[in-house]
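Chains as they are written, first to last, in this note's numbering: chain A, 1 to 191; chain B, 192 to 465.
None of these hints come from the bench; they were simulated from the model.
Computed from a prediction, not measured in an experiment: that's the story for all the values here.
Do not rely on the hints blindly, as some may be mistaken.
Stated by the list, open to error - Ranges between beta-carbon positions, derived for each pair: (1) B:Arg267 / A:Gly71: 27 to 33 Å; (2) A:Gly71 / B:Val294: 49 to 55 Å; (3) A:Ala177 / B:Pro365: 41 to 47 Å.
What the hints assert, rightly or not - Looking from chain B toward chain A, a few residues come up when the C-beta cut is under 7 Å (computed): (4) Ala218; (5) Val225; (6) Ala253.
Glycine included, each C-beta is placed from N, C-alpha and C at the ideal position.
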Amino acid sequence: MGMRSHPDAEDAALVRAMAAGDEAALRVLFTRHLPWLRSRLARRCSDPEIVADVLQDTFVAAWKGARRWRGDGEVAAWLWGIAVRRLVSRLRGRSAPVTLPTAEVEAADERTLSSAEELVLLGVEHGDLAAALRRLSPQLRAVIEATVLDGLTTREAAQLLGLAQGTVKGRVRKAKAQLRQDLISYQSGWS
Amino acid sequence: MSTMSWHCDPHLLARYSAGALDAVLAASVEAHLVHCTQCQTAMAAHTDPDESDRIWAGVREAIARPVLPWPVRLLRRCGLNDEDAVLLSVSRSLRGPWTLATVVVLVCAVWASFPDDPRGKAAYLLVAPLVPVLGVVAAFVSVDQTAELAVTTPYSKARLTLLRTLAVIVTTVPLVVAMGALIPGIGWMAVTWLGPAFGLTLTALVGLTWLSAEVIGPAVLAGWAAVVAGAYGHDTVATTVAAPAQLGYLVLTVVTAAVLSLRIRSTNFPGALP
Ligand SMILES: [Zn+2]
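Let the sequences and hints guide you as you build the complete structure.
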């Protein structure tokens with residue numbers, strides 16, 4: 001397939017080449033996606049060795065699963081789905097979470113903040129959801145992040161955060177109620 | 192997506208990778224990163240190239256490795272280390288006991304399900320607990336094969352045997368339980384045979400620390416056959432897995448496990464001496 005000469009190939013083309021056994025395609029995909037996957041995992045697990053193991057497993061799984069990739073949706077989202085589930089299974093059985101995403105590390109620079117929020121967060125154009133999320137307690141925000149943003153099931157989120165499933169369910173309910181209260185005038189679709 | 196008009200500036204990405212953004216802003220950056228090739232590429236500036244190389248080396252090694260047999264993969268998931276997994280997977284003895292168990296247990300389980308024939312239940316109770324025992328003995332015999340010893344250190348034979356035992360139990364026990372549970376008429380016997388199975392397997396292992404597999408295999412088989420035949424003679428096959436007997440197996444399991452751990456720690460375990 002000669003992916004070495006096509007470092008700009010689209011992700012989907014790379015995965016198709018991987019399914020045909022092209023290791024060079026995996027290398028290109030690895031180089032492109034490792035950095036952000038690493039940072040995103042590191043925000044959910046403070047042990048760099050676990051993060052490195054999970055990254056390795058993720059690309060091995062992507063290589064083996066390339067044939068099964070259906071081609072609908074983005075490769076990056078597919079990779080993240082693999083990575084976060086590998087992390088969850090790696091953390092299974094731990095009584096305490098390795099880390100919780102830290103809140104309010106730094107008061108964000110308002111200019112960057114608004115540009116990022118405007119375009120990005122959950123596809124919601126106005127900054128009020130972000131503001132509402134910011135008003136949630138760190139515990140409630142962590143379950144919203146795991147279930148809504150990371151797309152984990154209640155069970156997986158519980159494993160990731162080192163909580164009981166019932167606790168996660170309760171916090172999701174509470175967080176949604178609080179967000180609904182906050183966003184009531186915007187008629188947002190949280191239900 | 193090159194059509195996007197907004198991108199994370201380098202300063203934002205730097206703070207994101209340093210974990211210096213608040214949760215909401217970090218989530219925003221993540222939501223953008225998953226869709227944006229340009230920003231994904233920019234993240235490379237915040238990654239240690241040595242670490243990336245190490246991970247890549249691990250990936251390459253893993254995809255070059257042959258696929259492990261499923262019992263070994265299952266054990267790996269339960270915490271078996273890589274070295275032991277490779278050791279186990281080079282052994283040829285895993286498939287044999289499993290196939291044997293499938294055929295024999297299936298025949299006995301079907302027979303046991305005939306309500307009017309007590310011989311079926313007796314046969315099931317005779318065979319099911321012996322499946323792991325014979326699997327272990329077979330695994331032990333095959334350890335002597337030089338082809339396999341070539342990859343091990345002199346003192347790893349004891350360890351290999353225990354690993355094999357584990358592999359045999361992982362492959363045979365769920366199978367026998369599942370068959371018993373699927374075939375109607377067997378009832379609690381689908382599970383209660385585990386009592387004698389553990390007792391007998393550990394007895395065989397302890398016996399193997401003194402005597403050869405050629406002696407221990409038939410001895411354990413004969414012993415258990417005598418127990419089942421005796422009960423069958425008195426029309427009380429079910430008592431071999433009833434509560435008082437289970438207590439006996441539990442005691443047997445605990446005692447033999449204790450003896451085995453003592454024997455392994457001493458140099459008496461076969462293969463422990465170079
Ligand atoms: Zn971008």
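So, going through the hints one by one against the coordinates:
no. : hint                            : in the structure
1   : B:Arg267 / A:Gly71: 27 to 33 Å  : holds (31 Å)
2   : A:Gly71 / B:Val294: 49 to 55 Å  : violated (43 Å)
3   : A:Ala177 / B:Pro365: 41 to 47 Å : holds (44 Å)
4   : Ala218                          : holds (5 Å)
5   : Val225                          : holds (5 Å)
6   : Ala253                          : holds (4 Å)
Comparing the model with each numbered hint stated earlier shows that hint 2 is the single one that does not hold.
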